[in-house]
Structure formats: C-alpha cells, structure tokens
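Enquirer: Sequence:
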Amino acid sequence: MKKKVFAVLLLIISAVVISIPSFALDDIYVVKGDIKVYVNDTLIGFDVQPFFYKSRTMVPIRGVFEAMGAAVEWDNYTKTVEVSKGVTEVRVQLDNHVALVDEKRISMDVPAVGLNGRIFVPVRFISEALGADVDWDNNTKTVYINENTYNKDLGNILNGGRYATDGVWNYYILQDGVLVRENNETKMQEKITERIVCDLHILDDWIYCIGVDNGIQKVMRFLKDGSSQKEIVKDGPVQSMQILNGWIYYSPSDSNKLYRTSTDGTVTEKVLEDGDFSPKNWFVQNSFIYYKNTAKAGAICCARINGTGIRALVYDSYKYRLKLIDDNYIYLVRDDGEKGFYRVPLVGGTPDKILDEAPLCLNSDGYWLYAAVKTSNGSSLIKKQIKNGNETYTINEYKESDTPKSIYLSDQSIYYTLVRGTEEMVFQMSLYGQDVKALSWIYGKDYYRVRDILSNTQMKHNTLTGFASLQMITVQTEGTISTIINEIKLNNSQPLYYQKTKAENNNDLEIWVDRDNIYTKKPDEDHWSMNAADKSDKLFANISVFNLLRPTQELCNTFFVTDQEGKYILSGSGTFQIFLQNFLQDKGNRALTISDYIDHLEINAVINKDYYIEQLDIKVELGTTGANGMPVNNSIIHYQYVNSQFNSVFLNLPYSVKLSVNAKEKADSNIESGIEKFNEAKYQEAVQYFDAAIAAYNKSYDAYFYKGKALYYQGKYEEAILTYDKCLELEADNYDILAHQGLCYLGLGDLAKAEEIANAVIEADNKNKLAYNLLGLVYFKQEKFTDSYKLFEKAVSIDKDYYDACLNMAFSLFNMGSYTKCVNAADEFLKRFPNDRDLLLIKASSLSKQGNSQKAIEVFNQILNLDPANDFVAMTYIALEYEKLQEFDKAQEYADRAKSVYPNYSLLVYILEKLEYERFTLSGQKIVNFIKDYYLFYNESEEVLEAISAFLNKGEAYTLGDIVKLVDAIKSPDDDMTLLLTGSDYDSYMNRKADALVSAKQQDDNTVYIRISDFSQGTGVIFNEYIQSIENPEDKTLIIDLRDNSGGLTSEAGIMLDALLPECFTSYYIERGGYITTNQSGKSCVKFSKTAILVNEKTASAAELLALGLKTHLDDVAIIGRQTMGKGVGKIVYNDLNRKYALYLVNHYWNVLQKNIHGTGIEVDITVESDADFTKAINEFVKK
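Counting in my numbering, the sequence shown runs from -12 upward without gaps.
The reader is advised that the hints may include incorrect statements.
Derived DSS-like pairs (lysine-lysine); straight-line CA-CA distance at most 27 Å [claimed, not checked]: (1) Lys777 <-> Lys1074; (2) Lys606 <-> Lys596; (3) Lys781 <-> Lys771; (4) Lys374 <-> Lys326; (5) Lys980 <-> Lys871; (6) Lys211 <-> Lys432; (7) Lys754 <-> Lys713; (8) Lys651 <-> Lys713; (9) Lys919 <-> Lys871; (10) Lys128 <-> Lys257; (11) Lys653 <-> Lys696; (12) Lys836 <-> Lys980; (13) Lys392 <-> Lys370; (14) Lys306 <-> Lys361; (15) Lys211 <-> Lys392; (16) Lys771 <-> Lys836; (17) Lys740 <-> Lys696; (18) Lys886 <-> Lys913; (19) Lys901 <-> Lys871; (20) Lys871 <-> Lys886; (21) Lys386 <-> Lys370; (22) Lys508 <-> Lys554; (23) Lys651 <-> Lys508; (24) Lys781 <-> Lys842; (25) Lys713 <-> Lys508; (26) Lys1142 <-> Lys1070; (27) Lys392 <-> Lys424; (28) Lys842 <-> Lys980; (29) Lys139 <-> Lys257; (30) Lys217 <-> Lys139; (31) Lys913 <-> Lys941; (32) Lys988 <-> Lys913; (33) Lys1127 <-> Lys913; (34) Lys913 <-> Lys877; (35) Lys1098 <-> Lys1074; (36) Lys1070 <-> Lys777; (37) Lys787 <-> Lys756; (38) Lys174 <-> Lys217.
Calculated directly from the structure, the hints in this document are not laboratory data. All values reported here derive from a predicted model rather than from experimental measurement.
Given these sequences and hints, build the entire structure.
Expert: Written out as structure tokens, the structure reads:
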C-alpha cells in the first residue's frame, strides 16, 4: 500500500515539474581542486567529484547517504533514488526540485541532477532529509556533514576519564589502576583488568582507554566484560585521548601535536601542532578542536577536525585555561591566578564571569553545572543552572580536610572523588545531593578474612618494642645474580638499632644508631663515621615494608588466605600499584630503578597466630624496553625477610664507637680554629688547623671541605682537587663538592673538564645552583655572555641570595653591553647585599658606559664612602669621570687623593698625565694639536701655518668665529665630511637624546625594524641594548633603516657590528701616515634569521661601514634601495664643553676585508626606484 502511495505522488510531482529544463553541462562551475566532503568527521572519496551548480554545492547522493549508514537504491523506471535509514525514507527524482522525506514534500533550491552515472543534490538538502548539521568552509572549499556532534561524556573525560557507564554497568578505574564494574541493578562488582590509567570511552561492546603496556601509556581497547585480551590501538606513548564520531584523537607524551586514528588503529592522521594537549586541556566537540595555542602566546583557539580554520576565541588580553565545554559555551579560568570562573560562546567573544571562585573540579550535563568550590570552612559541591536560568544550589559539603578531585555524571547519579589523607575515596549521590554513600569495591574472594588478619597484624606490629630480621635481596638481570644480606636488630625502648650488611666484593658495612647519631664502619676502617640521625634513611635496610601490610582495599581484594600449621599464609600477584608506590619511597629499594618499568609483583606473607610477621617474600619482575618500545629483557628482584625475637632484643653500643666520638671532638676543635683563620683570609694557617683535624679523625668531612676551599683561594687548584676527592670518599653523592672541583679545573684553565663536571652535576641534580654558576663561568670565559647570563639567572632563581651568581649575572650583562639591565640588576641585588663594593662598581661602570658621568660619580662616591681614606681605585675612577666632564680641577683633586695612597696605579698614572696636559695647555693650543694629530687630510702649507699662527696669537681671547676661520683654513677642498658645530647648532645637536636617534619596533611576530638617524655618541649602546632584549632573534628578520643617514662616529658603527657579528675582523682604519687600527668583534653576538638594510643616495660614512660590514660577514643579508654616497672615511670628535663647540674631524679611511667604497658607494642587492616601493621590496625579501 505504501509503495502505491509513493507511486501516485511521484506521478503528481512529474506532472507538475514536466516543464523543468534538463540539466546542461554548461551550468557546472568546478572549483580548482576538489570540493572536500566530511561526513561525521570522515573525509569521503567519490568517483565523481562534487561541484557548484547555480551557486549551490552539489554532492553525490549515494556516497553521502551511504557514509551516513543509509541504504540507497536506484529505481531506473522512475529515475528515482530511494534512501532508507531507520524509520526515515527519502525519495529524490532526477531533474526534480521536489523530494519526499517520510511522505512530506521538500523543495530543493535546484533539482537533483545527473552526471557520469551519479545523482547529485544540494548539500543543504542533507540536513533537511536526515536532520544532519551541514557546514560550508569557503576558504578550503569543504563541506562538513554531521549527525552526532555532541560528546555527552566529555565532561567525565575532562575529570580524568576514570568513570563511564553503558546504562547497565558502571565502570571505574581504582586508585591502583584496576578497572572494575558494578551492575546498576544487582550491585554485583567485578574486576575486569588492571594497568588502566584514564580516559574511559565505551563504544558498542568495547572499552577504549589509556592503559599501561610495557611501562608505556598507550591507547588500547578490550571487550566490556574483560573476556578479550587488550588490543593496542596506538603503539606509542600517549598523554591524553578523546573519541568522537569513530575517531580517536590523541596526543603523544611530551608533544605539542594532536593526531587522530580510526578505532581499529589502521588509519592515522596528524591534525594539529603547537598546542597544549596535556590531559584536561583540550576538547573535541561539534567537529571542532578547542585548545590552547602555544604558537599564539597561549591563546584559546579552535580548529576544525582536519586542522584547518584556526581562530582565536577569546577577545580580551588575559590568558586562560580550558576547563569544560557544552553545546553552547567553553568554560575557562584565568592563567594568572586571578579568582573567578568564566565562559565564552563557542563562536568566540569576551569571557563572562559566572562564579567568583575558580572551581576545584567541575562537570556539566548541558543544563546544570556541578562544581566543587572553596568556602570559608572547606569546600562545597554546588549545582548551578547554565541554561534557561541562573539558580545555584549547594548540594553537598566537603569536610575541611578533604580535597575534591573529580565529579562524574550519569543519568541518575553523581559520582565524586576526594582525597582524604593519602587515600582517594569515591562517593555516590543523586543529582539533587541526596542518598550520599561511600563506595567500596569488594571483588576479592577472601576480602573480609584478609582484612581481619591484616588489621590484627598492623595493630601487633605497631606495638612491637623490638625484633630481629634477616633480610636477603637477590637481583637477577641479564644472566647475572647478586645478593645483599642484612642482619638487623632493633630495640625501640633503649633506643638502639644495629645493622650488618654483607655484600659482594667485600663491600660490607656495620651500622649502629642511637638517639642522636648514626655510626658506620667498614671492616678495614679504623674510625666510625658519624652523622645526624635524620640521615638514617640513606643507610637503613628496609624495615618499613612491614608497615605496608595493612588492610587496604588493594591488598584485601588481591590476597588469598591459606591456613598452614597454625599460621596464615597470605599470597597474591598483580601490579599492587599503591603498595609499590609506598615501597619505592624507601631509598633502600633503589634497585627497582635499574629497569624502565615494573611489570608484576608476587607477595607472600607468613603471619603467626600472635599476628607477628614471621616471613615476607616479595618478588618483583621488571622490564626494559628497546628503541622501538618493545621489551628487550626482564629482571627479577627478590626480597626475602625472616623475623624473630619479637619483643626480646637487647643491644649495647661498642666501645670503639666511643673512641671515635672522642677523636671527632678533638678534630672539631681544630676545625673551629681553622675556620676563624679562613674567614680572616689567612689560608695557609687555616690549612694547618685542618690538617691537624684530619690527623685526629680522618673521617672529618668539614676538615677536608674547608681545606679544599683554603687551597682553592691560594690558587693551589691541583691540591684542592685531591682534597675534595677525600670529601667524595665520605659523601659520594655530594654534588656540591663536584661543583667545587669544577671551579678548580676552571682555575687551571681546563674549561672542557669544568664544563663536563657542571653538566654531569646538572643532569644528576637540576636544582644545584653551584653547577649552574660553574657552567655560567665556563661560558663567560668563552665570551658567550648571553648563555652565561641565562645560567647565572637560573642559579639565582634557585637561591635568590646566592651572591656569586648575582654578581656574575651583573658582569654578564655588562659584557653583553646591556648597561640599563645591568644597572637595574645591580639595584635589585643591592637590596639583598647593601653597600656591596663589587655590585656598586659594576653599576657605576655601566652608567659610565652610557655616558652618564654625573650618576656614575654618585655611585663611585658610595664606594669611596665605604673606605674614604684608602680606596684609591674609586678615587681614580671619580677623577676619570670628572675629566670626561672637563671639570679638570675636581678631577685633579681626586687624582691627588689617589696618588697619596698608591701612586703607581696604572690608570692613575694615565689620568695624571692627561690632567697635566688638560690643565696647563691653552684651549686654543688643544684644538690646534687635535687637528695636527688627527686630521686625515692635514697639509702643513704656508697658508695653513699662517692661519694657525694667527689663531694661536689670540691666546684665550679667540671667538667661535675664529674657530670657524681656522677650520675653513685647514680643510681639504675635497673634504665635505668634517663638521664644526657652534652656537645654537651645537646646543641643538648635543641636547639630542641618543635613544631618539635609534628608533625600534617589532612590526610583527617575525620582523624587527630599527631606524638609525645618525651615529652620534651613545647610539651604539642604545642599538645593542635593544637587540639584546629581543626574544628568539634567530627566528626573526632584522630590518635596519639607514636611509638619509650621513654617518657620524665610526666607533658607534663598530659597537653595532660587534653586537651582530660573530668573532671576526670587522674592519680596519687607516690613519694619516699609514697607521692601521684593526677592529675585531667578540664571540658573543645576536643572530637573526636574515637581515635587510635600507639605503639610499644619502647613506654615507659610518652608515656605509655598518651596511658593508654586515653584508660581508653575514649570510642572508640584502641591501635594499639605491646606491650609497660612497664616503669610506670615518670621524672622531673634539668637544669643548666650556666654549660650546664640537669639531667632527675626518680621521681615517676604513676598509672591510680590503674593500673601500670611497668615491664609489655600495651597490644594492634589490633596487628600489621610489620610496613608495620599499615596503614591497621588504615584503618580498622577508617571504623569500
């Protein structure tokens, strides 16, 4: 009957649409590259590709509907496609605008058309036919068709994914990694498997999750009832996973990439990179991935499931972390610790605060938000309406000592976990907070009997006053067997502890412990070593293992009980994850770290009827994996304990221990006297006291340590190394001593050995401040100042009051030329070390380098005030700064004070000679001498001599006009570079700020632009400081704009070349008479990916030197613009601060690798005819 109805309807439709024109091939518009179609997140392949037809995207009806699980038939008689899916039936007739969906007429924008044997329909018809969501991405010409885009279990996954339900069974991962399930109706509990970590997903009859295989977290699956073996879906280390629409999305461990694989693991695709895909930090929902984009400074972004269409979702400037998602919003907390809980629409926007506190954990069912929030006396579980309302209810109160951990939701219940002490507990309640109950997992056959035995055993063991234990540890690995035997006696009432360890290679050890100290001795030693009792965990055999036999859920579910000859034998095998975690906390079990992972444990305990542990046997199987992640060998460690003499052990401390105590007291007295001499810098006398201490008690660590330091300060580095070796014999794992030895090798000039030691210490102890400081000193010696600064900074981050590293940080900044940062760092460190002379000195020196002599003098005076009568160094530096300011009388005053203390100081001798000249030579004679000594084109003609004589005859009565006449007289006719500044020109020029002449900005993430107007004094420092501040310069393009820059001081260009070039001869100057000055850059430099230099016909002199130097010595440098002026000369300056004139005098020719461009200019790599075309040329260079 139904088919007849359809037939009649089709006849009616045919009659109505008989005048519709047939499909014409000319109407097709095929895009370049195929239109892609994703159905339920899977890319569909077609034998005939989709196309545009009358502005509509047409897709093959068979390919799309079959991908959606529908049955598709073709009725050739009526030219009709018949589609059925579930109870829905669809009919589409060729060349017809109207289709039938469950007998309802649906009008399509364009009719169904045929092409190459396939019927095509508008893509939007899919949503109308089967209710699917259809989305079009015009950028990638991609159609996305989805039926089920909402993952209702995602909230549970984002809580750790340790709970899931299929409606009949609730599945839960216990704290020990065991996966159990409980029947909703019968409450029967079963163990399914173990070594499961997180991210439970249930698909049909399968459970998908992250579990452990060969010690590695992997994506795996198995049948829900546990009847199948685990199947590894993705054989590699995985940190997190989510499943949507038949795809497993996962991120490899320690990776910023996201992949997806089919549920059987046969198809794998990379989806995204540059994201934080650690657990709970990303979502897959609505065919989009929501994540934190590390390439965009941690911005919250979304991308389609194929990695396209990346866009930011948060429109304010704060940084956020993802917490949850539903079908309308993503939920966020601030990354800066600011309180509050926010949400933003899935399409993006500005976050809206919905809670004043950031939840401790949360979940949502799409209508209600369930969150654990802090309160004044603990925390509460609240229920907040997030759809169609704003009601908030408190449905549970946590105890003050409880820590909420996760919230899981099912259709009828809330399951929440909390940590109470060290135990994780699970509770269940209704969605309204009623019927709260703690869940216990009881699936072990002898659960209750084991619990009773272990409860009594724990009580009895805790009341023991003493016992004896014989312990044997056997390690079997790669065909070798080694054994350690410990004999232990313990009496808590005395209290005394005795242990004798017998090991292979005669490495025996005897230990006594009293209330205060541990005494240890090997058979061939005369004295007992003594340490404070709090170090006992390094030496004791493992007796705390007996405390682990307590009635935990893990042991009660795993152990079986056997009665044998009046004793209880408890035995079991498995992972024992919680037991093992506690067992590994004892340092006596370090042998368990010899392999990559622990595979299996067998535990057997013999407990007598008095509930004392007579025997304990623990066999541990360990595995090691190869490079391919497959196991390559296994090891076995067998712990065997036999206990006796319960409450009946009596001990006496040996007399030889008392003799060693007396010897140590004598040694300590000598050490105290030695330290006094050490602090007075009387190192040789200190060594004598330390030697006396060693003679009295040869196990005195402090005597060896301070002797090593005293020898180091005397420069006796080889003796110090040998002395530190003695320290290491007493404390083999003391990494500080290794670092001190590294300093000795540094003193010997063996940088390679010092670096080797520093790296070894950091690898063993990445919080060792001495090692970072040592490595920083190695790099400092190698002139790698940027690297040394970072290492000193790391040392200071570990201990902000570590003086040596603080001072070294400041020295590194100074040598980098980062003088502003150096001053700021010194100011910060002076808060910690007030009036420290070295910090004040480096601060004053930085101010001097910046040309700030007045502030430098203030700081030098602070230094002088520390020792005003004797600090000749500070006096000399103050004199030098006053000389720079041309305050020669003040300079002479401080120079004379320094001379009265130490007249032979070399810098002082220089400044005294200079002051003799400056104070007693007429200013007119000074300028004449300057010209004669330094002018490159000086020609002592009769006219020049007459001009000089006329000028000098005026004595001190000369005017600025006389200076102008003098300069005009001596200038060569070909010299258009020498410049005299007087009057307002002088004032204007000298009052300019150097930072105004060097303007810089970062145009985007990858491009830095610096414009240099001229090369006045101080511009080199400003330039250097700016490029030092750029993060990751090796990833950026540097653009230096030298257009219209006529030059200046070549010394400033030299500073810039030194900052950018690796170690090389940057240039050389040729002065009058052939005198050559060679300029060399240091080893430390700032490296950019590529460099563009903008020039024009007005670029000259020092600007040309900078451009040619960079082009010659660096790769990936392009000179863009027009040929430069060609002035291969450089200038120096004579500045008279009192008469206010400055003479910029041509002093030298400059060459770069024998090349001089004087008179020719620099040829460009990319010619730009007009200024408007520079931007285009730059963009082409950057993109190349």
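Enquirer: All hints are to be evaluated individually against the structure, with a verdict given for each.
Expert: We went through each hint and held it up to the structure:
For the hint pairing Lys777 with Lys1074, the CA-to-CA distance comes to about 16 Å; that is within 27 Å, so the pair holds. Proposed proximity of Lys606 and Lys596 is supported: the alpha carbons are some 25 Å apart, at most 27 Å. A C-alpha spacing of about 16 Å is found between Lys781 and Lys771, which places the hinted pair at or below 27 Å, so the restraint holds. Distance check on the hinted pair: Lys374 and Lys326 sit about 23 Å apart at the alpha-carbon level, within 27 Å; holds.
Simply put, Lys980 and Lys871 have alpha-carbon atoms about 18 Å apart, close enough for the 27 Å limit, and the pair holds. Between Lys211 and Lys432, the direct Cα distance comes to roughly 21 Å. Compliance with the 27 Å bound is thereby established for this hinted pair. Taking the CA atoms of Lys754 and Lys713, the gap is about 24 Å. The hint holds against a cut of 27 Å. Proximity of Lys651 to Lys713 is assessed by CA-CA distance (about 17 Å); at most 27 Å being required, the pair is judged to hold.
Pair hint Lys919 plus Lys871 holds up; C-alpha atoms about 22 Å apart against a cutoff of 27 Å. About 20 Å separates the Cα atoms of Lys128 and Lys257, which keeps this hinted pair within 27 Å; it holds. In summary, the hint linking Lys653 to Lys696 is supported, as the alpha carbons are separated by about 21 Å, within the 27 Å threshold. At roughly 15 Å between alpha-carbon atoms, Lys836 and Lys980 fall within 27 Å of each other, so this suggested pair holds.
A distance of roughly 16 Å separates the Cα atoms of Lys392 and Lys370; the hinted pair therefore holds under the 27 Å criterion. Proposed proximity of Lys306 and Lys361 is supported: the alpha carbons are some 22 Å apart, at most 27 Å. As the CA atoms of Lys211 and Lys392 are separated by approximately 26 Å, the hinted pair is consistent with the 27 Å bound. At most 27 Å may separate the alpha-carbon atoms for a hinted pair to count; Lys771 and Lys836 meet this at roughly 20 Å.
Using a Cα cut-off of 27 Å, the hinted pair Lys740 and Lys696 holds, with the two alpha carbons roughly 19 Å apart. At roughly 26 Å between alpha-carbon atoms, Lys886 and Lys913 fall within 27 Å of each other, so this suggested pair holds. The suggested pairing of Lys901 with Lys871 holds, with an alpha-carbon distance near 11 Å, which does not exceed 27 Å. Simply put, Lys871 and Lys886 have alpha-carbon atoms about 19 Å apart, close enough for the 27 Å limit, and the pair holds.
Taking the CA atoms of Lys386 and Lys370, the gap is near 18 Å; set against the 27 Å cutoff, the hint holds. Taking the CA atoms of Lys508 and Lys554, the gap is about 39 Å. The hint is violated against a cut of 27 Å. Between Lys651 and Lys508 the CA atoms are separated by roughly 14 Å; this keeps the pair inside 27 Å, and the hint holds. Between the alpha carbons of Lys781 and Lys842 the distance comes to roughly 30 Å, so the proposed pair goes past 27 Å and is violated.
The hinted pair formed by Lys713 and Lys508 meets the criterion: a straight-line CA distance of about 16 Å does not exceed 27 Å. With a C-alpha separation of about 23 Å, the suggested pair Lys1142 and Lys1070 falls inside the 27 Å cut-off, and the hint holds. Between Lys392 and Lys424 the CA atoms are separated by roughly 17 Å; this keeps the pair inside 27 Å, and the hint holds. A hinted pair counts as satisfied when its Cα atoms are at most 27 Å apart, and Lys842 with Lys980 qualifies at roughly 16 Å.
The suggested pairing of Lys139 with Lys257 holds, with an alpha-carbon distance near 25 Å, which does not exceed 27 Å. Pair hint Lys217 plus Lys139 holds up; C-alpha atoms about 26 Å apart against a cutoff of 27 Å. For the given pair, Lys913 sits about 14 Å from Lys941 by alpha-carbon distance, which is consistent with the 27 Å threshold. Under the criterion of a C-alpha separation no larger than 27 Å, the hint pairing Lys988 with Lys913 is inconsistent with the structure, at around 42 Å.
The suggested pairing of Lys1127 with Lys913 holds, with an alpha-carbon distance near 14 Å, which does not exceed 27 Å. In summary, the hint linking Lys913 to Lys877 is supported, as the alpha carbons are separated by about 20 Å, within the 27 Å threshold. At most 27 Å may separate the alpha-carbon atoms for a hinted pair to count; Lys1098 and Lys1074 meet this at roughly 14 Å. Pair hint Lys1070 plus Lys777 holds up; C-alpha atoms about 16 Å apart against a cutoff of 27 Å.
Straight-line distance between C-alpha atoms of Lys787 and Lys756 comes to about 10 Å, which keeps the hinted pair within the 27 Å bound. For the given pair, Lys174 sits about 25 Å from Lys217 by alpha-carbon distance, which is consistent with the 27 Å threshold.
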